[in-house]
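Chemist: Chain by chain, the residues:
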Amino acid sequence: MKKELRFSGSGGQGVITAAIIYAEAAVDEGKEAVQSQSYGPEARGGASKAEVILSDYKIYHPHITSPDVVLAMTQKAADKYYADLKENGLLIIDEDLVPNAPNFKNIVKIPITKIAAEQVGAALYSNIVALGAVTRLTDFLSFDAVKKAVENRVPKHTIDANVKALQLGWDAAKVW
Amino acid sequence: MKARLMQGNEACAEGAIAAGVRFFAGYPITPSTEIAETMARMLPLCGGKFLQMEDEIASMGAILGASLAGVKSMDATSGPGFSLKQELIGYGAVAEIPCVLVNVQRVGPSTGQPTAPSQGDVMQVRWGTHGDHPIIALSPWSVRETYDATVMAVNYSERFRTPVILLMDEIVGHLRERVELPDSVEIYPRRQPKKTRAEGYQPYEPDEDLVPNIADFGKGYHIHVTGLIHDETGFPVGSPEVTEKSIRRLHEKIARVGEEIIHTYEYCMEDAEYAVVAFGGTARTAYETVRRMREQGKKVGMLRLMTIWPFADAAIKRVAKKVKGIVVAELNYGQIVHEVRRAAEGRCEVALCGKYNMKAFEPEEIEEAVKAMMEGGANK
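Line by line, the protein sequences are chains A and B. Residue numbers for the first sequence follow the working numbering, so the first one is 1 and each next one is one higher. Residue numbers for the second sequence follow the working numbering, so the first one is 1 and each next one is one higher.
Just so you know, these hints were derived from the structure itself, not from any lab. Quick caveat, the model's predicted, so the values are computed rather than measured. We put the beta carbon where it would ideally sit given N, CA and C, even for glycine. Any given hint could turn out to be false.
[Stated by the list, open to error] Pairs of lysine-lysine, DSBU-like flavour, derived with a Cα cap of 35 Å:
id, chain 1, residue 1, chain 2, residue 2
1, A, Lys105, B, Lys359
2, A, Lys2, B, Lys371
3, A, Lys80, B, Lys371
4, A, Lys86, B, Lys2
5, A, Lys86, B, Lys245
6, A, Lys156, B, Lys49
7, A, Lys86, B, Lys299
8, B, Lys359, A, Lys109
9, A, Lys2, B, Lys245
10, A, Lys2, B, Lys359
11, A, Lys86, B, Lys298
12, A, Lys114, A, Lys164
13, B, Lys299, A, Lys58
14, B, Lys317, A, Lys58
[As the list claims (entries may be wrong)] Facing chain B, according to a computed beta carbon distance under 10 Å, are these residues of chain A, among others:
id, residue
15, Val34
16, Gln35
17, Gln37
18, Ala117
[Unchecked claim] Computed footprint of chain B on chain A, listed as stretches where at least three residues anywhere in the stretch have a Cβ under 8 Å from a Cβ of chain B:
id, segment
19, 13-24
20, 154-168
One chain only, chain A, in its complex shape (with noise of 0.2 Å):
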């Protein structure tokens, strides 16, 4: 098993902490994991992208040929970065964010953002709510492994409002 996963937005969203702990979880389930990110000089609103490749084996080549699964958590990620995805792989978009859905077969497109700013307070959960979802659609890992990882990454006053987050992102995945 060899899966490529890139997580993708603006800087400020959280996509690289989103990516370490689903990477973090993947070591706790006793996977081979690495984790990079490639992003611009600036701290806020530049591209944003990390990566994820989780195997069964040691892995050399640390960065993504081709994606099983891309995250989108603004238009101009998803306009540059879908175009790779592997012919079954699947797109998860921000669907306020990216209001212009690129052109391909296997998307899904979950109200990211919004989720996290009405129902757990803040549009800073966005990364997390989207790590429950990428959780549940790719289904890599236990929701329980992430769940943990989440919790041992997070400040301790923010763990039940980002497990909060986790479990919305996985019930929104749901009707896909």
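Here the structure of chain A is known, so what remains is to put chain B in place on it, guided by the hints.
Modeler: This is chain B only, laid out in the frame that chain A set:
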């Protein structure tokens, strides 16, 4: 220890602390910042000190000072900071002050591309500071090896009393992967004087291994430290004999151990007809290239350089004797390729596969370079 996801930069900091580093001074810079962040978090927990200095030069000065006072010391930077530290690296070399300087390479020259990978500082590591001086530089290819290489760098700096450069790149520095760290590591202790003052102790008198046992400041010895060429007392001397002897000893103290500190690794080289030479993050991609080409039945192998300086002349010679050609893959306009060509001494063809556009290599790019060499060879 339990497996966990760790970043290369974090592994560097953890390795330094395991090896006994208790002082870090730095001026954070992308893509090395997480080393400073991790040191700032961990050092106070183990009795160490972290200082964020006013600039890169001051940081290098601070670690030299702390080391002279007996504390194992480290600094971390990237290209722009590395340029600024050159004068004090030379000072550390001639005054024989143990320290580790990490350079997580990014695209240059100047401030270049702050967040993009490069391997363009290979020659600056060797010749950036002026004058004849030895240097040791290690370039890890994985998060676990970053931990091990940092421990090794600290130990070599103490053993040879010289600055050691950990030459990382953004690929490995920012990469997170699964690692299991050892519970403990071997540590080379700070060298101590073997004589008292009454017995005629001289701080720069070399021991049998040509390295002096310079007393730490505050241990009751009179010590004078200078960047001028000095004799065994540590005071400057304007003599041709002392100058020649000093410069020769600085080189010989490292050269005499030969291959012991030159770490190279071979993959699929047994029956290889062509070899890729690579180091650092690029070697991970070169490994994938070799794996793919082996699946196609092509006899390709890889020689990976972990020690960059002193250069692996013997390993290159061994490979050059065996193969028809060597492709050197490096993220720059061509640096280590010149060393490979020199060491190969015309025994085989040597070609550069260079890249300098902010992107790391893709396996196909190195594959194309190897195939081009194979086809070129067939036409001859």
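Chemist: Work down the list of hints and note, for each, if the structure agrees.
Modeler: Going through the hints against the structure:
The straight-line distance between the Cα atoms of lysine 105 of chain A and lysine 359 of chain B is roughly 29 Å, inside the 35 Å bound, and the hint therefore holds. Pair hint lysine 2 of chain A plus lysine 371 of chain B holds up; C-alpha atoms about 27 Å apart against a cutoff of 35 Å. As the CA atoms of lysine 80 of chain A and lysine 371 of chain B are separated by approximately 31 Å, the hinted pair is consistent with the 35 Å bound. Only pairs whose Cα atoms come within 35 Å are accepted, and lysine 86 of chain A paired with lysine 2 of chain B is accepted, the gap being roughly 34 Å.
In summary, the hint linking lysine 86 of chain A to lysine 245 of chain B is not supported, as the alpha carbons are separated by about 64 Å, beyond the 35 Å threshold. As the CA atoms of lysine 156 of chain A and lysine 49 of chain B are separated by approximately 27 Å, the hinted pair is consistent with the 35 Å bound. Between lysine 86 of chain A and lysine 299 of chain B, the direct Cα distance comes to roughly 30 Å. Compliance with the 35 Å bound is thereby established for this hinted pair. Simply put, lysine 359 of chain B and lysine 109 of chain A have alpha-carbon atoms about 31 Å apart, close enough for the 35 Å limit, and the pair holds.
For the suggested pair lysine 2 of chain A and lysine 245 of chain B, the alpha carbons sit about 58 Å apart, so the restraint of at most 35 Å is broken. The straight-line distance between the Cα atoms of lysine 2 of chain A and lysine 359 of chain B is roughly 23 Å, inside the 35 Å bound, and the hint therefore holds. Note on lysine 86 of chain A and lysine 298 of chain B: the hinted pairing holds, with a Cα-Cα distance of about 27 Å set against a maximum of 35 Å. For the hint linking lysine 114 of chain A to lysine 164 of chain A, the alpha-carbon distance of about 14 Å falls within 35 Å, and the restraint holds.
This hinted pair checks out: lysine 299 of chain B and lysine 58 of chain A have alpha carbons roughly 22 Å apart, not beyond 35 Å. For the given pair, lysine 317 of chain B sits about 30 Å from lysine 58 of chain A by alpha-carbon distance, which is consistent with the 35 Å threshold. Contact between valine 34 of chain A and chain B, as hinted, is supported at the beta carbon level, the nearest pair being about 4 Å apart and thus within 10 Å. For the restraint placing glutamine 35 of chain A at the interface with chain B, the shortest Cβ-Cβ distance is roughly 4 Å, inside the 10 Å limit, so the hint holds.
Taking 10 Å as the C-beta contact cut-off toward chain B, the hint placing glutamine 37 of chain A at the interface holds, the least distance being around 6 Å. Because the smallest distance between the Cβ of alanine 117 of chain A and any Cβ of chain B comes to about 29 Å, over 10 Å, the interface hint for this residue is violated. With 3 residues bearing a CB less than 8 Å from a CB of chain B, the segment 13-24 of chain A meets the requirement of three and the coverage assertion stands. Note: the segment 154-168 of chain A has 0 residues with beta-carbon separation from chain B under 8 Å; the three-residue rule is not met and the coverage is violated.
Hint check: violations occur at hints 5, 9, 18 and 20; the rest are consistent with the structure.
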